[in-house]
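S.K.: Take a look at the letters that make up each chain.
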Amino acid sequence: MSTRTLISPARLARPRGRAAYRAVLVLVLVLFTLVFLGPLYWLASSGFKDAQEVIQTPPTLVPGSFEPANYGRAWEVMDLATLLLNTLYYAFGALAFQLVLDVAAAYSLSKLRPVLGKAVLGMMLATLMIPATVLVVPQYLTVLDVPIVERNLLDSPWVIWLPSVTNAFNIFLLKRFFDSIPQELLSAAALDGAGPLRILWSIVLPVSRPILGVVSIFAVVGVWKDFLWPMLTLPDPAKQTLNVGIYSLSNGVPVNVLIAALTIASLPTLLVFLVFQRNIMGGLTAGGLKG
Amino acid sequence: MPALSTAPRPTAPPRTDPPARTAPLATALRRNLTAHGFLIGAVLCFAVFSWYPMVREFLLAFQKTESGRTTWVGLDNFRTVADDPAFWQAWGNTLLYTALALLLGFAVPFVAALVINEFRHGQGYLRLLVYLPVMLPPVAAVLLFKYLYDPGYGLLNELLRFLGRPEQQWLQDPDISLLAVVIASTWMNMGGATLIYLAALQSIPGELYEAAELDGAGLLRKIWHVTIPQTRLVLSLMLLMQVIATMQVFVEPFLLTGGAGPEGSTTTVVYLIYQYAFNFNNYGAAAALGLMLLVLLAGFSAAYVKLSRAEDE
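If you're matching them up, the sequences are chains A and B in order.
As numbered in my numbering, the first sequence has no gaps in its residue numbers, which increase by one up to the final residue, 291.
As numbered in my numbering, the second sequence has no gaps in its residue numbers, which increase by one up to the final residue, 1313.
Bound-form chain A, shown alone:
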C-alpha cells in the first residue's frame, strides 16, 4: 500500500516500530480470527457432537464424540433440500423481476424522460423515507387481497417477487449510472435506426455490467436475508424459505441436529461469498452506503 496512514513510515522503519507493528498485527489477526471465525468453527464442530456432549458443561472445543449422521438427520428432518430450493427460487425470481422492471424504469427515467418522470422518481425515492417495518402491516393486508385483481397472494412466489421490484434504491443506482452514459452514443444508435429497446439491449446494458452486478447482489442477498416478510406471507411449511423454515422447526429438534442444520444453511452463501468476494465487497463500496 503506497498511501500513508495514521502511523508514519519513518516510525515503522525503526526497529522498535517494526517490532510493535508485528506484535499488534499478530494480536489483531488472532483476535479477529477468534471473534469472527471462532463461532463458525464452533457451529460446524458442534454439529458432529452426540446429544449428550453438545449440552454438556463445560463445552468441549474439540468434539469428543463423532456423529456425522447429525448432518444427514438435519437434512432429512428439516427438509433442507426443499427450503434451499425455495429460497433459490424466490431469490432468483426476485432478481429477474428487478432486472427487467427496475432496469426498464431506470432507463426510461434516465434516457427516455417521459412527462412526469421526475415526479414518479420523486415518489419512488419517497418510499426510502418510510421505515420499512411501518409498511409491513398495510403491505400484509394488501397481499391478502390485492386491489383490482382481487387475489390472495399468500404462499405464492409472487408475494416475494412483486414487492421486491419496489426497490427505489436500486432504481436510483441504475438511473445514476445510466445518466453517466453519453447521450451522443445513444443518438448515434438512434440515427442508425435502433429503437429504444434495441438501444437498451445493445448499448446501455453492455456498458452497465458493473452496476448490474451490484444490483444483482443486493437483490439476491436481500431475499436470502429477509425474515419478517416471508414469515408472514409464506405460512405453508412446504413453501417457506431457509430462514423461516429453520426458525419454525427450531424448537422441535435436538440441539446437535439443529446446529448441524444451521451449518448447512450457512454454507451456500459463505461459499458464494468466498468465490465472489472481490465482486461482492467491491460492489458494496461502489454501491455507496447501503451495507
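Heads up, a few of these hints could be off.
Claimed, not checked - Label pairs and their calculated CB-CB ranges: (1) A/126 with B/1074: 21 to 31 Å; (2) A/126 with B/1107: 26 to 36 Å; (3) A/50 with B/1159: 19 to 29 Å; (4) B/1167 with A/33: 51 to 61 Å; (5) B/1079 with A/50: 50 to 60 Å; (6) A/176 with B/1236: 16 to 26 Å.
Said to hold, decoys possible - When the alpha-carbon atoms are kept at most 30 Å apart in a straight line, the in silico DSSO-like pairs for lysine-lysine are as follows: (7) B/1306 with A/118; (8) A/111 with B/1222; (9) B/1306 with B/1222; (10) A/225 with B/1306.
Just so you know, these hints were derived from the structure itself, not from any lab.
Where a beta carbon is used, it is the ideal one built from N, C-alpha and C, also for glycine.
Mind docking chain B on chain A? Use the hints.
M.R.: Showing chain B alone in chain A's frame:
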C-alpha cells in the same frame, strides 16, 4: 439535418430521422408512450406494494374494523396503545437499544477499520473475516448466538470462567438481555460498515497526516483532527442509517428472546407493532404505533437523503 447526408442507406430516411418529418405533437406522444411503457411495470408494483400501503397505513391508524365493518375512531387507536403498560417500556427499550447500538455498532466498526487500515499485511484476510457474518442467513447467525449465550454449555460463559469472571445469565437476565442482543447484532452486521469506513479512510490524502506530524500531533490528535474531519460525511451518513435501522430492530430480539424477553426487557416498538397486528389482530393499534415510529424517523430519513445528495455532488 447534416447527419442524413452521410447516412449510408438513403432508402430509409423517414425511419432514421422521424422528428423532422412528423408533427411534433405526435412524436412527443409516441416518445412518451414508449417511455411510459418502459416505466409501467415498476410503477404498478410501487403503486400496489408501496404507495397504496403508505396511504393505507395512515387510514388504518384512525380506523377500526369489527366484524367486517370499518368505522372512523379518531385517536382511539393511539389511546389504546398509549394505555398499554408495554408502550413506555417498548419505547424505553428501543431508545436504549439505539443508544447501545450506537456505542457498540457505530464505534466498533470504525475502530476496526482504523486498525485494519494501518496494516500492510493481511488486510484482505481481515476484511474477509469481518464480512463473513454478514453473509450468514440471519436465523443461523442469531441461533448461533443463542447457543453461545447459553448459561450452561455456551462458549461465552466458558470464556468468562476462563478469565475468572462471574458467569452471566445473558438472555435470561433482564438487566443485560438487551446488551446481549446488541452484541449479537453488532457481530452480525458490522462487516458492511467496516468496509465502507475502510474505503473512506483510504481516500484520505497522506500529506494531511504528514502536516499534522510536523505540527507535533500524536496518534489521538491525528485521529481527531485529520481522520474524523476527513470522513465526516460518511460517518454522519452511517450514524443516521444506524439510528434508522436500530430503531426498527425486530429479528434479533424476536429470535434470541422470543421478542419480549425476561420481564419485557427486550420488547421493542416494532415487536409491539408485530404483536398488535399478528397476535391480537388489532391492525388499527399497530398502524397507530407505526405512525408514531414513522414521525420519529422521518426527520432522520430526510436528513439522510439530504446528506447523501450532498455527497453525490
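S.K.: Look at each hint and say if it fits the structure.
M.R.: Okay, the hints, checked on the actual structure:
At about 27 Å, the beta-carbon gap between residue 126 of chain A and residue 1074 of chain B stays in the expected band of 21 to 31 Å. A hinted range of 26 to 36 Å holds for the C-beta pair residue 126 of chain A and residue 1107 of chain B, which are about 32 Å apart. Distance hint check for residue 50 of chain A and residue 1159 of chain B: the Cβ-Cβ separation is about 24 Å, which falls inside the suggested range of 19 to 29 Å. The given range of 51 to 61 Å is broken by residue 1167 of chain B and residue 33 of chain A, whose C-beta atoms sit roughly 25 Å from each other.
Hint check: residue 1079 of chain B to residue 50 of chain A, Cβ distance near 55 Å, so the stated range 50 to 60 Å holds. The hinted window of 16 to 26 Å between residue 176 of chain A and residue 1236 of chain B holds, with their beta carbons roughly 21 Å apart. For the proposed pair residue 1306 of chain B and residue 118 of chain A, the alpha carbon gap of about 17 Å is at most 30 Å, so the pair holds. Among the hinted pairs, residue 111 of chain A with residue 1222 of chain B is inconsistent with the structure: their alpha-carbon atoms are about 46 Å apart, more than 30 Å.
Proposed proximity of residue 1306 of chain B and residue 1222 of chain B is supported: the alpha carbons are some 29 Å apart, at most 30 Å. For the hint pairing residue 225 of chain A with residue 1306 of chain B, the CA-to-CA distance comes to about 28 Å; that is within 30 Å, so the pair holds.
Checked against the numbered hints given earlier, the structure breaks hints 4, 8 and satisfies all the rest.
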